[in-house]
Every structure is written in C-alpha cells, then in structure tokens.
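Q: Each chain is listed here by its residues.
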Amino acid sequence: MNHMTEEQLIAYREGIAEQRAAISDHLAACEECRAELERIEAVLAALDTLPMPDPGADYGRRVWQQIAPRLPEKRGRWWQMWLAPRRLAAAGAVVTLIIAAFVAGRMSRRDHGVDNSASREQVRERVLIVAVGEHLGHSERMLVELSNAGPSDPAQKQVNISAEQRRAEDLLEENRMYRQTALQEGDAGLASVLDDLERVLLDVAHSPSEVTPKQLEAIRRKIDARGILFKVRVVGKELQQRQEASQPAPAQNDSKKKERNKV
Amino acid sequence: MNRMQQSIENAQAIATSDALAVERTLAGERDAFRVLVERHSQNVFRLAYRMTGNQQDAEEIVQEAFLRAYQKLGQFEARANFGTWVYRIAANYAIDRMRQKQKEDARREPPRAGSADGVEDDPMNRVADDAPNPERLTQSLELRKQMEQALAALSYAERTAFVMRHWEGCGIEEIAAVLKSNSGAAKNTVFRAVQKLRIALQPIVGTRTQAQAMGTES
Numbered sequence: 001m002n003h004m005t006e007e008q009l010i011a012y013r014e015g016i017a018e019q020r021a022a023i024s025d026h027l028a029a030c031e032e033c034r035a036e037l038e039r040i041e042a043v044l045a046a047l048d049t050l051p052m053p054d055p056g057a058d059y060g061r062r063v064w065q066q067i068a069p070r071l072p073e074k075r076g077r078w079w080q081m082w083l084a085p086r087r088l089a090a091a092g093a094v095v096t097l098i099i100a101a102f103v104a105g106r107m108s109r110r111d112h113g114v115d116n117s118a119s120r121e122q123v124r125e126r127v128l129i130v131a132v133g134e135h136l137g138h139s140e141r142m143l144v145e146l147s148n149a150g151p152s153d154p155a156q157k158q159v160n161i162s163a164e165q166r167r168a169e170d171l172l173e174e175n176r177m178y179r180q181t182a183l184q185e186g187d188a189g190l191a192s193v194l195d196d197l198e199r200v201l202l203d204v205a206h207s208p209s210e211v212t213p214k215q216l217e218a219i220r221r222k223i224d225a226r227g228i229l230f231k232v233r234v235v236g237k238e239l240q241q242r243q244e245a246s247q248p249a250p251a252q253n254d255s256k257k258k259e260r261n262k263v
Numbered sequence: 264m265n266r267m268q269q270s271i272e273n274a275q276a277i278a279t280s281d282a283l284a285v286e287r288t289l290a291g292e293r294d295a296f297r298v299l300v301e302r303h304s305q306n307v308f309r310l311a312y313r314m315t316g317n318q319q320d321a322e323e324i325v326q327e328a329f330l331r332a333y334q335k336l337g338q339f340e341a342r343a344n345f346g347t348w349v350y351r352i353a354a355n356y357a358i359d360r361m362r363q364k365q366k367e368d369a370r371r372e373p374p375r376a377g378s379a380d381g382v383e384d385d386p387m388n389r390v391a392d393d394a395p396n397p398e399r400l401t402q403s404l405e406l407r408k409q410m411e412q413a414l415a416a417l418s419y420a421e422r423t424a425f426v427m428r429h430w431e432g433c434g435i436e437e438i439a440a441v442l443k444s445n446s447g448a449a450k451n452t453v454f455r456a457v458q459k460l461r462i463a464l465q466p467i468v469g470t471r472t473q474a475q476a477m478g479t480e481s
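So the protein lines, in turn, are chains A and B.
So in our numbering, the last one in the first sequence is 263, and the numbering has no gaps at all.
So in our numbering, the last one in the second sequence is 481, and the numbering has no gaps at all.
Please note: incorrect hints may appear among the correct ones.
Unchecked claim - Now the stretches of chain A that chain B is said to cover, found in silico as 3 or more residues with beta-carbon under 8 Å:
1) 132-145
2) 223-237
Stated by the list, open to error - The calculated DSBU-like cross-link candidates involving lysine-lysine, where the alpha carbons are at most 30 Å apart (straight line), are:
3) B:K408 - B:K364
4) A:K157 - B:K364
5) B:K335 - B:K443
6) A:K237 - A:K157
7) B:K408 - B:K335
8) B:K335 - B:K364
9) A:K157 - B:K335
10) A:K214 - B:K408
11) A:K214 - A:K231
FYI, nobody ran anything at the bench for these hints, they're computed from the structure.
The beta-carbon is built from N, C-alpha and C at its ideal position, and this holds for glycine as well.
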C-alpha cells in the first residue's frame with residue numbers, strides 16, 4: 001500500500017487537499033498514516049494553545065479615536081454613491097418596482113376608468129408587498145440551506161458555504177432598500193424584521209467561504225438566537241395575507257372582462 | 264420626519280452595512296468610516312498579533328491598515344468584501360513591517376550565524392541548539408517560548424500563509440493574493456510552514472504528550 005505523503009496529510013489537515021475523499025478513504029484503512037496525521041495534529045493543537053491577548057470590547061472605538069485625527073478630509077463624489085455596482089443593481093430593482101407599480105396603476109385605471117390616487121397607492125403597496133414577499137422567500141431558502149449545510153464526510157474539516165455567502169451578498173443590498181422603503185412607508189414592524197435579517201445576512205456575507213464545522217455551528221447559533229427564520233416565515237405569511245386582502249374583488253373584474261369580451 | 268429620527272435611521276443604516284459605509288465615506292462623510300473601523304478592528308488585530316507575536320506591533324498595524332484603507336478607499340471594488348480587503352492591507356503591511364524591523368535589528372546587532380547571507384534562519388538548527396532538558400519541557404511557559412520561536416523562525420510568507428490558513432481560515436486564493444503568488448505556490452507555502460513547525464516542535468510536543476500520558480507532568 002502506498003502511504004500518503006506528509007504534504008498530502010498536511011494539506012488534508014489544513015483543508016486544502018485536492019483529493020480529500022481519496023485521502024479520507026486511505027486514512028480509514030491505514031493505521032500508519034492515521035498515526036502520522038495524529039502527530040501533525042498534536043503539533044498544531046499545541047500551537048492553538050498559544051494565548052491571544054484580548055484588546056477589549058471597546059478596542060474598535062479606541063482605534064477610531066487614535067486614527068480619526070489623522071484622516072484627511074475626503075471630498076464627496078456624489079456620482080460614486082450611485083455608480084457603485086451593488087447600489088446600481090439594487091437601484092435597478094427599485095426602478096423595476098416603480099415601473100411595475102406604474103404599469104399596474106395604469107392597468108388598474110383602465111380597468112376601473114377612475115383616476116384615483118388612493119387606488120394607485122394601493123397598487124404600489126401591492127407591488128411592494130409582492131417584491132418583499134419574494135425577497136423574504138429567497139432569504140428563507142438561503143438560511144434553511146445554510147442551516148442544513150454540513151460536512152459530507154465526518155472527517156471533513158471544512159465546509160464550503162461560498163454559494164450561500166454570494167447569495168447573502170446579493171440579498172443584502174435588496175434587503176437594505178426594502179428596509180428603507182418600509183421605514184419611509186411607516187411600516188415599523190416590517191422594517192424591524194428586515195433589520196434583523198440584514199444583520200444575519202451581513203454575518204453570512206462576511207464569513208469565510210470555507211468554514212470549519214465549529215464556525216458553521218456558530219453561524220447557525222446566531223441565526224437561531226435571532227429567531228430570524230421564524231420571523232421571516234411569520235412576516236412572509238402576513239404579507240401573503242395582505243396581498244390577498246388587497247386584491248380587487250375577482251367577481252367584479254371577471255364580469256367586466258366577460259362584458260368586454262362580448263363586445 | 265424630524266431631523267433626529269432621520270439621523271437615527273442613518274446611523275442604523277450605516278451600522279448594518281459595510282458597503283453603504285464605504286459609499287458614504289467616499290461621498291465625504293468621514294464619520295461613516297468609523298463603523299468600518301469599529302466593526303473590523305478586532306479581526307485585524309487578531310491577524311496582526313498572530314503575524315507579529317507582539318501586541319504593540321499588532322496595534323500599530325491595525326491603525327496603519329485602517330489609515331491605508333481610508334486613503335485607498337477609492338480603489339475599493341464595491342462588490343468586494345471590506346473586511347477581506349482591510350485584512351489584506353493589514354497582512355501586507357505586517358509583512359513590510361517585519362522585514363523593516365529585521366533590517367533595523369540587523370543593523371543594531373551583529374548577524375547570527377547562518378543568517379549573515381540573508382538566508383532565513385532554519386528552525387531545525389535552532390531547535391537542535393536550544394533543545395531543553397525534559398524537566399523544563401514539562402513547563403508550559405517553556406513550551407510556549409519554543410512555539411513562539413518556531414513561529415518567529417518561519418519566513419514572512421510562511422508565517423503569513425500559516426496564520427491566514429490555520430488560524431484565520433482564509434481561502435487559498437486570498438492567501439495567494441496577499442503573498443502575490445498563485446494558489447499552488449500559496450498551498451506549498453502553507454505546507455512548508457507546517458512542516459517547519461513540525462520539525463521544530465514535534466520532539467517537544469511528543470515529550471510533553473508522553474509525560475501527560477505517564478502522569479509525570481506537573
């Protein structure tokens with residue numbers, strides 16, 4: 001039997017081995033290589049005991065106090081604020097929303113033959129409800145997938161969550177726009193849940209793309225501690241009910257459509 | 264909506280978003296940068312301390328990393344992660360600083376045998392020379408000293424790669440970007456670092472483990 005090289009075992013231990021499964025299979029069958037891996041792990045475990053000084057909870061504040069006087073003034077560049085790619089994408093989503101609301105408003109006006117600002121307002125709200133509902137659905141799916149993620153092999157030292165991380169990054173900007181809109185619309189309840197969701201999305205987006213099972217467990221605990229999945233489900237359901245309640249009476253519409261069809 | 268409510272909402276928005284804080288800083292709101300400093304200082308400190316093994320050096324690296332990040336903020340790619348970006352700036356600065364410090368130390372002291380020609384010190388030689396007796400090995404402080412020496416004997420690239428991978432869980436691509444190399448070379452650097460640490464520490468750790476198993480360690 002060909003034994004694993006030291007390089008392969010170190011790469012395996014540090015989660016950077018290319019043929020992980022093959023090494024795992026070999027380790028399961030080879031006592032000699034297992035013992036060698038244990039010796040490597042003993043050295044690394046000893047290094048892990050090296051103390052790390054705690055700079056204190058207010059460390060960030062102290063760093064700011066030290067560097068703030070040394071920061072040169074930056075001249076604002078207004079266009080940078082709007083040309084940043086992420087903001088452009090989110091702004092695109094909002095523009096889509098506005099266009100959808102406008103088109104829906106026009107259609108609703110044509111249907112009823114009344115130029116009524118209150119009904120336009122309702123249509124806009126309905127479009128927002130649908131968009132936020134979809135956003136919450138996507139966020140919920142990402143969080144559920146993250147909660148179910150885990151090493152496919154018990155010996156696996158790293159779990160790749162890069163897909164969830166990328167989705168969290170994309171959802172983050174949308175979430176921010178919806179939260180600001182909810183605040184402007186005076187919907188404090190929705191804004192608060194979106195705020196909680198934003199913090200969780202930030203945590204996920206800022207995690208390393210490959211995490212140890214322990215780090216993954218810590219992320220899960222944060223998600224659980226905020227009860228965000230439950231809140232997202234409850235608000236999603238509530239939005240669905242609001243959407244159904246804000247739909248125009250189907251019987252009336254149908255009869256009008258039927259009448260139009262007759263002509 | 265009154266002004267206070269608006270400023271509370273703005274503060275809330277800044278606190279929850281690195282990207283927004285970057286955009287606002289670029290738009291001229293210097294205080295928006297504070298959120299980024301407060302949010303990422305601890306992580307950058309951890310990296311800097313692991314790389315230098317010295318608290319004062321680490322604190323200076325943190326400050327310099329954020330100052331450089333502020334100055335280069337216009338180059339920050341908006342789709343990137345600010346935490347990763349400032350981390351990379353800190354790692355690069357830590358490497359420069361360690362190099363500079365070594366040069367200054369070399370000017371002050373006569374060079375040690377083996378490093379006069381600029382070749383990095385080999386931990387294997389140092390451990391062999393300093394090998395302590397078994398009684399001393401059982402003491403945690405001594406083990407700690409040996410581990411710090413073994414880490415200090417790594418090259419900057421090796422130490423950076425090891426710290427970023429083993430302790431900070433960074434991806435190989437990220438390490439390669441800091442080391443300005445490719446992912447194959449970065450993997451190789453992680454391997455060399457662990458191999459050197461192992462050669463330097465395994466005899467000591469082995470003795471200690473044996474002592475623990477025999478119940479002779481105090």
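Q: Now tell me, hint by hint, if it's right for this structure.
A: A quick look at each hint next to the structure:
{"no.": "1", "hint": "132-145", "verdict": "violated (count 0)"}
{"no.": "2", "hint": "223-237", "verdict": "violated (count 0)"}
{"no.": "3", "hint": "B:K408 - B:K364", "verdict": "holds, 20 Å"}
{"no.": "4", "hint": "A:K157 - B:K364", "verdict": "violated, 36 Å"}
{"no.": "5", "hint": "B:K335 - B:K443", "verdict": "holds, 18 Å"}
{"no.": "6", "hint": "A:K237 - A:K157", "verdict": "violated, 38 Å"}
{"no.": "7", "hint": "B:K408 - B:K335", "verdict": "violated, 38 Å"}
{"no.": "8", "hint": "B:K335 - B:K364", "verdict": "holds, 25 Å"}
{"no.": "9", "hint": "A:K157 - B:K335", "verdict": "violated, 36 Å"}
{"no.": "10", "hint": "A:K214 - B:K408", "verdict": "holds, 28 Å"}
{"no.": "11", "hint": "A:K214 - A:K231", "verdict": "holds, 25 Å"}
Comparing the model with each numbered hint stated earlier shows that hints 1, 2, 4, 6, 7 and 9 do not hold.
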